[in-house]
Amino acid sequence: MPPILTLEKISKRFGAVVVADNIDLTLLRGEALGIIGPNGAGKTTLFGIVTGTVAPDSGRVMFEGHDVTRMKPEHRCRMGLARSFQIPQPFGGMTVFENLVVAAAFGGGRSEREVYAGCAGLLERCGLADKANRRAASLTLLDRKRLELARALATGPRVLLLDEVAGGLVEHETAALVDLINDVRSTGVSIVWIEHVVHALIAVVDRLVVLHEGALIAEGDPPEVIRRPEVTEIYMGLEELGLEADA
Amino acid sequence: MSDVRVRHASVSSWIGTTIVVLATVALAAAPWWAERADLRLLAEIYAYVALASLWNLLAGYAGLVSVGQQAYVGLGAYVLFGLAMLAGVHPLAAIPIAGFAAALVAVPVAALIFRLRGHYFAIGTWVVAEVFRLLAAQTSALDGGSGTSLPAAVVLSIASSRQMREFTIYWIALAQVVVILFAIVWLLRSRYGLALTAIRDNELGARSNGIDVVRIKYAVYVAVAFGTAMLGALIFLQKIRISPDTAFSVNDWTAFVIFITVIGGIGRIEGPIIGTVIFFLLRQTLADLGAIYLLILGVVAIAVMLWAPKGLWGLVADRFGWQVFPLQRRLVLKKR
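Going down the list, the sequences are from chains A and B. In case it helps, this note's numbering puts the first sequence at residues 1 to 247. In case it helps, this note's numbering puts the second sequence at residues 1 to 336.
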């Protein structure tokens, strides 16, 4: 399979802190890639570099064969790069439905009327149908996370970047989320997913990479990667990772 | 399968729009029921509703906190005086020309000040306004710093009788505010309104969802300059006299406008209307108190900012979900 998204020798530092250290990473078309790593490893910054809200110090971002390194976030979104934020960024004064209409109309480059039905359907799929006309600012954190995911999907992405969408979900909600993401995948969308809830991640992704202090320290088959000594070491023992996986 | 429909109107917007329409009709007939002094006061109120509505679009929606909108009030006024006095253009025809001139000037000005971020942008807008004021003071054809008055011939060209002149200016002032409010409602209901409201709520989110934030801000800045200059032109046509200090007054055309928008409710179309009513109620009842009046204005502004940061209308709208104009897109699902 050809690559859809490639990071080439990406480096970024904030002052003395290195958040991306010469990272090379490729996402294949239709693939689901998981990223794990301790807090501060540079996972979210990597999403910022891919989507254009953070400029790398050096290196290139290639998407669909185009060099998008200097391209503005809104253009990357319209090309099919969508992202959910770890800290939800809703349009608080607008209704939940309007939030999706914005994403579908602008990110998807379509007229407003065209997107109404699709947005309504998406609300249903993401468990927000009964809150369609609520102001987004009045949602609980959990629903805001659902909205993040729904809004990213509304843009009609070819690559979907998910930043910790499973945190705080109870078991059956996590299962529903895994179903939803697998469902999205089956429509041909490539996925990069940052997640601390490892068992949910492993239920979806084909490949797992581990980020630590801005560097990729492991990459490969998910169940095998999380057992590697260098990975268990940074998580202070496999037991803890296992515990989290069973939680 | 469910049938998807989207509705803009709500009960509150039906009531609100009806009240607005009835009020407009009653106010259009004001020359038959109001005193001359009342007409002048009403025209001033319309100008402030319109100025504040435009500033609200700029700062409340597009996030462009300008403290230099007096640049365009003064520019519009000076273009009108210049055209009427030096080029013999009919003063009423000069009003739209003033708008276009300001829009033209706003294009390079925006290119310059959009390079500034946050506080620097605000200061930059003020600097631009000061530069305009100094340029006006150097314009000897319009008597520079001491200012000038419209000659009688120009004033008479509006209408020959004093009463008809006052009525004409009153109706134009009313028409300006109605058109500006209508244009803002239309804008906010359009695709661009969707983008603008998203920018108001979350700029990072807007950019990440495909909205070209800079381009929309640019368009709003130029459009607001266009409207502000037409308002400035009419304000000074009514005053007949102009000087750089009055035309480019930061107090009259920016400080009061910000006060109005903030106490009424920034980022909401109803805010400037409510704010203007409160501002004029305070002014009319407290004007005799002199400096204490300004102190009270300051206290009111601080109190509202502390206890109702979204303004008085924001307080009401958040609580009851009211909207005066049909803006919101409500999803109506009809199960089949």
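Worth double-checking, as some hints may not be accurate.
Pairs of lysine to aspartate or glutamate, EDC-like flavour, derived with a Cα cap of 20 Å [stated by the list, open to error]:
#	chain 1	residue 1	chain 2	residue 2
1	A	Lys72	B	Asp212
2	A	Lys131	B	Asp3
3	A	Lys131	A	Glu213
4	B	Lys217	B	Asp3
5	A	Lys72	B	Asp38
6	A	Lys131	B	Asp318
7	B	Lys310	B	Glu203
8	A	Lys9	A	Glu171
9	A	Lys9	A	Asp24
10	A	Lys131	A	Asp67
11	B	Lys239	B	Asp3
12	B	Lys239	B	Asp318
Just the calculated beta-carbon pair ranges, DEER-fashion [to be verified]:
#	chain 1	residue 1	chain 2	residue 2	range
13	B	Ile296	A	Thr140	36 to 46 Å
14	B	Ser190	A	Glu230	51 to 61 Å
15	A	Asp179	B	Phe182	42 to 52 Å
16	A	Asn22	B	Ala255	30 to 40 Å
Think of the hints as simulated: they come from the structure by calculation, not from any bench. For each residue, glycine too, the CB sits at the ideal point set by N, CA and C.
Right, here's what the structure says about each hint:
no.: 1; hint: A:Lys72 <-> B:Asp212; in the structure: holds (9 Å)
no.: 2; hint: A:Lys131 <-> B:Asp3; in the structure: holds (17 Å)
no.: 3; hint: A:Lys131 <-> A:Glu213; in the structure: violated (40 Å)
no.: 4; hint: B:Lys217 <-> B:Asp3; in the structure: violated (36 Å)
no.: 5; hint: A:Lys72 <-> B:Asp38; in the structure: violated (53 Å)
no.: 6; hint: A:Lys131 <-> B:Asp318; in the structure: holds (16 Å)
no.: 7; hint: B:Lys310 <-> B:Glu203; in the structure: holds (18 Å)
no.: 8; hint: A:Lys9 <-> A:Glu171; in the structure: violated (38 Å)
no.: 9; hint: A:Lys9 <-> A:Asp24; in the structure: holds (5 Å)
no.: 10; hint: A:Lys131 <-> A:Asp67; in the structure: violated (39 Å)
no.: 11; hint: B:Lys239 <-> B:Asp3; in the structure: violated (57 Å)
no.: 12; hint: B:Lys239 <-> B:Asp318; in the structure: violated (40 Å)
no.: 13; hint: B:Ile296 <-> A:Thr140: 36 to 46 Å; in the structure: holds (41 Å)
no.: 14; hint: B:Ser190 <-> A:Glu230: 51 to 61 Å; in the structure: holds (55 Å)
no.: 15; hint: A:Asp179 <-> B:Phe182: 42 to 52 Å; in the structure: holds (48 Å)
no.: 16; hint: A:Asn22 <-> B:Ala255: 30 to 40 Å; in the structure: violated (53 Å)
Violated hints for the displayed structure, listed by number in ascending order: 3, 4, 5, 8, 10, 11, 12 and 16.
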